[in-house]
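Asker: Taken in sequence, the protein lines are chains A and B.
FYI, the working numbering numbers position 363 of the first sequence as 350, with every residue one higher than the one before it.
Start counting at 1 in the second sequence, then tack on 1, and there's your number in the working numbering.
Hints may be right or wrong, so weigh each one.
As the list claims (entries may be wrong) - Going by beta-carbon spacing under 7 Å, a handful of chain B positions derived as facing chain A:
| id | residue |
| --- | --- |
| 1 | V12 |
| 2 | V14 |
| 3 | G32 |
| 4 | L34 |
| 5 | G35 |
| 6 | D36 |
| 7 | I52 |
| 8 | P53 |
| 9 | V62 |
| 10 | M65 |
| 11 | E78 |
| 12 | V79 |
| 13 | L80 |
| 14 | Q82 |
| 15 | G89 |
| 16 | F91 |
As the list claims (entries may be wrong) - Computed spacing ranges between beta-carbons, pair by pair:
| id | chain 1 | residue 1 | chain 2 | residue 2 | range |
| --- | --- | --- | --- | --- | --- |
| 17 | A | K381 | B | H57 | 21 to 29 Å |
| 18 | A | G235 | B | L59 | 37 to 45 Å |
| 19 | A | S220 | B | A81 | 23 to 31 Å |
| 20 | B | P86 | A | A46 | 37 to 45 Å |
These are computed hints drawn from the structure, not numbers from a lab.
The beta carbon of each residue, even a glycine, is placed where N, CA and C say it ideally should be.
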Amino acid sequence: MTARDIAAAVRSGDRSAVAVLEEHLDRIAARDEELHAFNLVTADAARAEAEAVDAAVAAGADPGPLAGVPIALKDNMCTRGIPTTCSSKILEGWCPPYDATVVRRLRAAGAIAVGKTNLDEFAMGSSTENSANGPTRNPHDTSRVPGGSSGGTAASVAAGFTPLGIGSDTGGSIRQPAAFCGVVGMKPTYGAVSRYGLIAFASSLDQIGPFAQDVADAAALFDVIAGHDPLDSTSIVDFEPVASDALGRGVDGLRIGVVRELSGGEGTVEGLSPDVLARTQEAVVALEAAGATIEDISVPSATLGLSAYYLVAPAEASSNLARYDGVRYGLRVDAPTTGEMNTASRTAGFGPEVKRRIMLGTYALSAGYYDAFYGKALKVRTMMLRDFAAAYEKVDVLITPTAPTTAFPLGERTADPMTMYVNDVCTIPSNLTGHPGISVPFGVGDDGLPVGVQVLAPALDDVLTFQVAAVLEAAGGPR
Amino acid sequence: MSERISRADVVHVARLARLRLDDDEIDLFTGQLGDILAHAADIEALDVGDIPPTSHPLPLVNVMRADVVTPSVDRDEVLAQAPAPEDGRFRVPPVLGEEP
């Protein structure tokens, strides 16, 4: 049952939100021990919220567009009085004193938050294996990773635990797990969704976005969470996009570019799997059949995104994570002086990938290396903005694979960080440019696992990504 | 030892970042950070000329709001989550007399 169907049934009084919730809690109870999508299931709080929705309906009020729809929240979204850990030992047991703006918006729309999902610690990773709580498994094949860092949310939606989920995307952390788990995941334009209450990783790249089992549900969720928030100074003013209305518009007459460097064409990045490229090509054919004009487009600096990202993101992270010092919240390891206490707390609290990125960022920002690394990376960011702007002079949207491969086996890439980082090669550019992107399932790979195709659009054209994704979904057939 | 980053660099950076590494971790991170920086050689070698840097994807302006009192996060609720609250404040070990 889609989120739209659930909301319609609950709003009309045909189904009770409590009954819907219990059905989903039963599914979680039956299979989450195996998958570990959730760090925490907040069943009692969810029951209270569902009862309130039912009471509102009984009283003749409208609980909102997502009335009674169970939703999973990535465990880096602040929830007042409910533990929020970022899957890190350093925040174990910490209960935020306020709700993230997305959490408040979801509640106001009638959605029922059922729990906090697993992630790579502080959203740093592409497999959800960098979690202090252990990995999440891919519902399609439990020997495989779900992708990351929003792997718990992706698995929850793919397993039917919740029709909807919330993730965050700093370098592909919504789109790549959506591709690996065969669901829809979308990263909005930077500033389209408030980051208030999203625990910061890399502030100029982080963006919250929707997960769903189909494009229309993802659009319905996007419509609820997008919009200006005075509590986030980077939130775009006067931008209130509505994606749900655009889904039937089709692609007739639309100009669609295939990014050569990210899709196996001339000068392409290495490591793109042939089956993934074949599905991407089939998606292009389907869009052409639906009336779009297809063009081969070069975005030369797209190949530099990976290097630029793995300097910019760690640099920002090293600054953001300086706040975990054992003073105001989280883990404290006692020591005779404050400096020793800071070091002891951080050493005990952070896992290896977080330490690696803090060190990389500290190095990239340090005297003597700033110009060679961080400063250069910021200039590459300008090059990418210019190259994408030039591409969007010629076409309306761009197509690439979402990830180079289908879901890989657990443990395969944990020893060598670079083999993990290359997962993000196709998704990173839109974080550096702030542009929107969506991953939509399109067939399966040679191993039978889901493949995602990515639709990119210029800043503020979020609605267009849903419009094109709806056509791909219709063409992609059963999955 | 990697040619990109030395063991001494790693020890120095860990100190700046308030992290303590044991010998095995120093070896591991020296190799891994070297590999990552080797990948970044493509942009290190790039001639970027007078291209201006972009630190943020959207043009940012200072955001001001009216100077009116609005509800704040509750102080007691914040302090309840601190490792060692005392008399409405955060208690820490001695700061004076530490090495810089």
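Asker: What are the numbers of the hints that this structure violates, sorted from low to high?
Answerer: 1, 3, 5, 9, 10, 13, 15 and 18
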